[in-house]
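A.B. asks: Residue numbers (the numbering used here), protein chains in the order written: chain A, 686 to 1169; chain B, 4 to 508.
Hints should not be assumed to be uniformly reliable.
Straight-line Cα separation of at most 27 Å, DSS-like style, residue types lysine-lysine; simulated pairs [unchecked claim]:
#1 B:K63 / A:K1120
#2 B:K63 / B:K185
#3 A:K781 / A:K839
#4 B:K34 / A:K1120
#5 A:K1040 / A:K839
#6 A:K781 / A:K722
#7 A:K1040 / A:K846
#8 A:K1120 / B:K466
#9 A:K1120 / A:K786
To give an idea of the interface, some chain B residues facing chain A are shown, with a C-beta separation under 8 Å as derived from the structure [to be verified]:
#10 A164
#11 E180
#12 T187
#13 V191
#14 F202
#15 M301
#16 I302
#17 L303
Just so you know, these hints were derived from the structure itself, not from any lab. All C-beta atoms, glycine included, are put in the ideal place defined by N, C-alpha and C.
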Amino acid sequence: MIAADLNFDYTLFIPEFLLGGLVVLLVALDLYVPQVKKSWLSYVAAAGLLAVAGVSLAWIGTESDFAGIVSVDDYTTFFRVFFMAMAAVICLLSGKLIEEKFSHPGEYFALLVLSTIGAIGMAASRELMTAYLSLELLSFSLYILVSYQKFDAKSNEAGLKYLLLGAFASAMFLYGMSLIYGIAGSTYYSEIASGLQNPAGDFQWAMLMGLVLIVTGLGFKVAAVPFHMWTPDAYEGAFVPVTAYLATTSKAAGFALLLRLFSGSFQVVHDDWSWMIAGIAAATMILGNLVALQQHNIKRLMAYSSIGQVGYMLMGIAGLSHDTASALLFHMTGYMVSNMAVFVVIIAWFNLTGKDEIGDFRGMRERAPLLAAVLAGALFSLAGLPLFAGFPTKFILFQAVVDEGYLWLATIAVVTSVISLYYYLQIMRQAFVEKPAEGEEERLPVPLLMNGMAAAMMIGVLYVGLYPQQLFDAVDKATKALAL
Amino acid sequence: MHSGYWVLATVAIPLIAAALLLFVPETPRGKDIVRWSSALIGAVLFGLSMYIFFAYEVDKGEGYQFFIRYNWLENVGFLGENGISLAFGVDGIAAPMILLNGIVCFGGALISWKIEHHNKDFFILFWVLVSGVFGTFAALDLFFFFFWYEVAVLPMYLLIAVWGSSSAFETFARTKEYSAMKLTIMLVAASILIFIGIFAVFHEAGLGTFDLQVLYAPENRLDPDTQKWIFPLFAIGCGVLAGLWPFHTWSPDGHVAAPTAVSMLHAGVLMKLGAFGIIRLGIQLLPEGAEFWMPGLMILASFNIVYGAFSAMAQRDFKYMIGYSSVSHMGLVLMGLATMSVIGVNGAVLQMFAHGVMTATMFAMVGSIYDQTHTRDMRLYSGIVNRTPLFVFFFGVAGLASLGLPGLAGFIAEFHIFLGAFQTYPWAAALGIFAAGMTAVYILRMMAMSMFGPQDTHFPDLKEMTYLERATGVLMLSFMLFLGLWPAPFIDRIRETVQNLPGVS
C-alpha cells in the first residue's frame, strides 16, 4: 500500500479517545478528589460510557477506514454501542460490592472502560496486528479484573489460570498469524483473502496449520470446547460482576473478531475450515450443556451454560454467509441481554445473602419476588422459550444454519437446548417451589437500583422476544458492512 | 369493526391480563381482586369464543374467516416479504376448538377460585397458558404456530410443581416435581421434531416466508419424497402432546399431579393441540406424506385405544383412571385422523371437542372431593352418592358420555370415527369398538365401587360441591348435551372444512 493513498482521519476514533479520557478521569477522581463518594464512581463511569455510546451513533451509515487497518462502518458502530452499553451495566452492577471491598474503586472502573476499548478494536480491526493488540488490551484488563480480590485465594487461582492459559492461546494465535502472513504476504484482511485465493505455491498444509492455530487462539477467547477449561474456574473465582463481564463482552468481542476476520480473509477458503468450526460447535454445544447438568454453584453453571451458547453461535461461523452472520449477531444480542438479566439477579442475591450455590436460591419467590420473576423470564429466554428473546433469536439462527446445509448441527443444537431447559428448571425449582430455610422467611430489602436494573433487563428481553424487527434490522445492516 | 379483532382479542386479553396481574399487591384484598378479575376474564373469553363459533359463517366456501395479519419480521436476513407474520384465522376445525378452550378456561378460572397459595402467580401462569392455546388454534403462520404452541408448554412446570399434588400408593410414588419435570421435558423434547420439521419445510420450500396459506397452496407443495421424511417429524412431535402411544407416559403422571384447573385445561384442551397440529402441519402442509404414513399412525392409534383402556382398568386413583382413559380416547381422535376419510376426520374433530368437555368435567369433579379428603384412592370411597349427589350426577354424566351413551357428546363423535374406520381399516374399527366397551367396564366399575354401595365411613364430613363448582358442572354439562342432542352446528362447520382438506376423501 502506498501511504499517500491512505486515509489518516483521526476523527474516526473520537469515541475511543473519549473513552480514554474517561479512563484518566476515573483514576484521577479516585486519587485526587477524596471527598467524592466511592459509589459515585460507578455512576460516573456508567454515564460516561452511555454518553460516548450516544456519540458513536453519529457514525451510523459511515463506510470509512483508518489507513486500511481499522474500519468504521455499521458493524463497528453496532459493537461500539453494544460494548459500551454492556460495560455501563456492569459498572452499575458492581457499584455496591466495589465500594464495600476495595479502597480504590477508580482502577476497577478504569480497567472496565479500557477493556471496552480493546473489545471495540477487535470488532473494528481489518489488520491482524491491530486485531491482536486489541485482543491483548481486552485480555490484560481482564486478567487484572479476574484476580482483583487480592486476598482471596480463589480469585488468585482464577486469575493465574486465566493468565497462563490466555498467554498460551495468544501465542498460538500469533503463530497462526505468522503462518498465514507467510502464505499471503500481508496482514491486511482483504489482502490475505486475495493471497489465499492465488497462493504462490502449494501451501495447503501451512494454511491449514495456520487456520488451526488461529481457531485455537480465538476458541480459547470465546471458550469453545476443547479450549474451555479455564472458564468455570475463572467464572467461579472472579468477582460476580466480572464474571458477568467475562460471559458477555469478552465473548461477544471474540465473536466480533471471528466474524470480521473469517468473513474478510478466510471466506475464500471456506471449505478448508468450515468442518473444523462445525466440529468444535457440535462438541461445544454437547459438552457445555451436559456438564452444566452436574453443577451446584450458580457461577459454574452459568459458565457451562455459556459454553453451550457459544456452540450455538459457532454454528453461525461454520456456515458463514450474510444470513448466518446477521442471525448470529441477532442471537448474540438477545442472549447477552438475557444472560445479563440472570447475572443481575445473581449479583443482587449475592449482595444480600452472600451465597451463590444453586440451593441457596430457595424461596426467592417469597423473599424477593421481582428478582424471582426476572430470573424465571431470563432462564426461559436462555432455554429458548417464546415471549422472551431466546425464542426468535434461536429460531432465526438455527434456521439460517439449516439454510446453509447444516441440518445435523441444528439438530444437535435443538436437542442440547432441551437439555439446557432441565438445569434451568432446576434453578427455577429452588426459586419458586422450595420454601425458604427456617428463619429466613422475611422479605429482603432489595435496593431500588438492583430492582430497576433487573426490570430494565427484563424489558429488554421481552422487547427482543416480542418485537424483534428493529434489532434484526440493525444487525442486518451491521453485517452488510462485512461484504459477505 | 374488522372481524379479525375478535380472534386477536382471545389471544391478547389473557396475555395482557397476565401482565396486569403482576401489579396486584399481595394482600388478602389483592387475592380477591385476582379472583374476581380472573373469573371476569374467563367469562369474557367464554363469550368471545361463543361469538366466534356462532358467527363463523357456514357455506362461505374455502378460506379462513376472522382473518387478521400483522407483519412481524420481514425483508431481513433470509426472510422475504411477509417473512414472519402474526396471522390469525379460523376455519371449521379451529372454531369448535376455540369454543372448547373458552369453555374450559372459564370453568378452570371458576374452579381455581379457592386457591390460596400465591393465587396471583397461579393465574398469571394460567392466563399465559390459555393465551398460548388460543394462539395455536388460530395461528396461520408456521413460526407463530410453534410460538404459541411453546407458550402453552412454558408455564406447565411451575403450575404443576408449585400448586400440584404428589401421589403415593403402597409401592408407587410420584412427586409433583417429578411429574412436572417429566411432562415438561417430554413435551419440549417432542417439539425438537417439530422444530426440525419447520426448518426443513422452510428450507425446502425456499419461499422466504413462514406464511401457512402460502405454503398450503398446491403450487408450493413440497415434492412427495421430501414430504415423506418430514411428515413423521410433525406426526410424532405433535403426537406426543396428543398422547400418542408409546410417548404417552407424561400424560397420566402430569395430569394427576397438576392442580385441578390445569388438569382440566391440559387434558381437555392441550392434548387437542397435538391432534390439531397433525391436521395443520401434517395433513394440510404435507398431504402426500400424510397419505403415505397414515397406516402407521393407525397402528399406533390402535395401541393407544386398547392399551389406554386396559391401563385405565387397573387404576385405583381417580385421576390416573381419567388420565389413562384420556390416552385411550385420544387414540380414537388419532384413529379418526388416520382414516383420511371425510367422515373419520370429521369424527376426530368432534371427538376432540367431546373428549375435551367430558375430561375437563371429570377432573373438575375429582378436584372438588380431593380438596376435602386429600386422597384420590377410589377404594376408600363408598356410597358417597348419599352425601354428594350432585358430584355423582356430574361425574356420572361425564362418565356416560365418555363410554359413548347416545344423547351425549361422546356417542356422536365415536360413531363418526367408527364409520370412517370401517370404510378404510375394518380391523381398527373392531378394536375401537372393543375398547369403547372396555370404557364402559372401567367407568361403571369405578362408579359402583366408589359412588354407590354402602355408605362410607372414611369421610363423614364430605360436603356437597360449592356453588362455583356446580356452576362449572352445569356449564360443561350443557355443552355435552348440546353436542349430543344437536350436533348440526358442529358438523356443518367441521365437514365443510374437512371436505376441502387435501388428501381427505
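A.B. asks: Starting from K781 of chain A, check that the Cα of K839 of chain A is at most 27 Å away, please.
C.D. replies: Distance of about 21 Å is within 27 Å: holds.
A.B. asks: How about V191 of chain B: closest beta carbon in chain A under 8 Å, or not?
C.D. replies: Check passed: Cβ of V191 of chain B comes within 5 Å of chain A, closer than 8 Å.
A.B. asks: Given the hint that K1040 of chain A pairs with K846 of chain A, test it: the Cα-Cα distance must not exceed 27 Å.
C.D. replies: At roughly 24 Å apart (the allowed maximum being 27 Å), K846 of chain A and K1040 of chain A satisfy the hint.
A.B. asks: Regarding the pair K1120 of chain A and K466 of chain B, is the alpha-carbon distance no greater than 27 Å?
C.D. replies: violated (31 Å)
A.B. asks: For K1120 of chain A and K786 of chain A, compute the direct alpha-carbon distance and say whether it is at most 27 Å.
C.D. replies: violated (31 Å)
A.B. asks: Tell me if E180 of chain B is really an interface residue toward chain A, meaning its C-beta lies closer than 8 Å to one of theirs.
C.D. replies: For E180 of chain B, the interface hint holds, since the closest Cβ of chain A sits about 6 Å away, which is under 8 Å.
A.B. asks: Within a Cα-Cα threshold of 27 Å, do K63 of chain B and K1120 of chain A meet the stated pairing?
C.D. replies: Violated, at roughly 56 Å.
A.B. asks: Under 8 Å, Cβ to Cβ, is where F202 of chain B needs to be relative to chain A, so tell me if that hint holds or is violated.
C.D. replies: Holds - the Cβ of F202 of chain B comes within 8 Å of chain A, reaching about 4 Å at its closest.
A.B. asks: Tell me if the interface restraint on A164 of chain B is satisfied: Cβ within less than 8 Å of some Cβ in chain A.
C.D. replies: holds (5 Å)
A.B. asks: Using Cβ atoms only, decide whether T187 of chain B comes closer than 8 Å to chain A, and label the hint accordingly.
C.D. replies: holds (7 Å)
A.B. asks: Interface hint check: L303 of chain B, Cβ to nearest Cβ on chain A, cutoff 8 Å. Holds or violated?
C.D. replies: This interface hint is violated because 23 Å lies over the 8 Å limit.
A.B. asks: Straight-line Cα separation of K34 of chain B and K1120 of chain A no greater than 27 Å?
C.D. replies: Holds, at roughly 20 Å.
In summary, the structure is inconsistent with hints 1, 2, 8, 9, 15, 16 and 17 from the numbered list given earlier, while agreeing with the others.
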